[in-house]
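Chemist: Okay, here's what each chain looks like letter by letter:
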Amino acid sequence: QKEVEQDPGPLSVPEGAIVSLNCTYSNSAFQYFMWYRQYSRKGPELLMYTYSSGNKEDGRFTAQVDKSSKYISLFIRDSQPSDSATYLCAIGAADFNKFYFGSGTKLNVKP
Amino acid sequence: DAGVIQSPRHEVTEMGQEVTLRCKPISGHDYLFWYRQTMMRGLELLIYFNNNVPIDDSGMPEDRFSAKMPNASFSTLKIQPSEPRDSAVYFCASSSGLAGGKQYFGPGTRLTVT
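Chains as they are written, first to last, in our numbering: chain Y, 1 to 111; chain S, 1 to 114.
What the hints contain is simulated information worked out from the structure, not anything from laboratory work. Since we're looking at a predicted model, the values are computed, not measured. Backbone N, C-alpha and C define an ideal beta-carbon position, used for all residues, glycine too. Be careful, since some hints might not be right.
Said to hold, decoys possible - With a Cα cut of at most 30 Å, we get these calculated DSBU-like pairs of lysine-lysine: (1) S:K78 x Y:K70; (2) S:K68 x Y:K106; (3) S:K102 x S:K68; (4) S:K68 x Y:K67; (5) S:K24 x Y:K110.
Said to hold, decoys possible - Computed, partial: chain S to chain Y, Cβ under 8 Å: (6) F65; (7) A88; (8) Y104; (9) G106; (10) P107.
Stated by the list, open to error - Sample of chain Y residues with no beta-carbon within 10 Å of chain S, all distances over it, derived: (11) E45; (12) K56; (13) D58; (14) R60; (15) N108.
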């Protein structure tokens with residue numbers, strides 16, 4: 001079983017839609033949860049960072065962690081064509097010696 | 001800060017040749033990571049260093065792959081001999097701290113082995 005699972009998509013939505021991206025993970029010891037955005041032919045860039053559970057909001061982006069369900073989400077409000085990218089979740093724990101990345105979900109926001 | 005710097009950005013080589021990829025991490029970061037990304041396998045961690053010392057190289061696919069970090073500002077990933085299945089985008093990332101550290105990625109090196 002993989003440490004983190006992510007639906008690869010692709011996900012296609014119209015401009016202005018609310019987007020929900022999700023990952024599930026296997027080990028309850030994970031404490032650090034991140035979302036990276038990767039544009040085509042670019043390196044991943046850190047978008048959201050959350051420690052432990054709860055929500056974190058940054059502009060149109062909201063990261064949500066549900067540790068009881070081992071489920072993390074990224075919501076994008078009022079999606080824009082410029083949000084079209086691949087979104088990767090990443091998880092880690094203080095006792096582990098590495099981070100684990102999801103396979104990425106490709107998002108296309110149509111004008 | 002200039003961010004993580006990688007060179008070359010593109011590399012095309014013939015099977016059997018030696019390939020060396022280079023990375024300069026963000027100044028002050030104590031962790032450096034090498035990743036490989038392909039459509040089939042996604043983003044894979046190859047090896048990471050802490051304070052220039054290799055900590056976990058379990059992701060290095062074969063003995064043909066080697067990585068070094070002679071000082072805090074420079075690392076190399078070498079493939080010798082290269083094979084077509086090594087074709088991928090190789091990313092270097094650095095962070096301050098590990099599990100709680102936010103990783104900053106370089107632009108990547110697109111390697112094509114013919």
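Chemist: Are there hints from earlier that the structure breaks, and if so, what are their numbers?
Modeler: 1, 2, 4, 5, 6, 7 and 11
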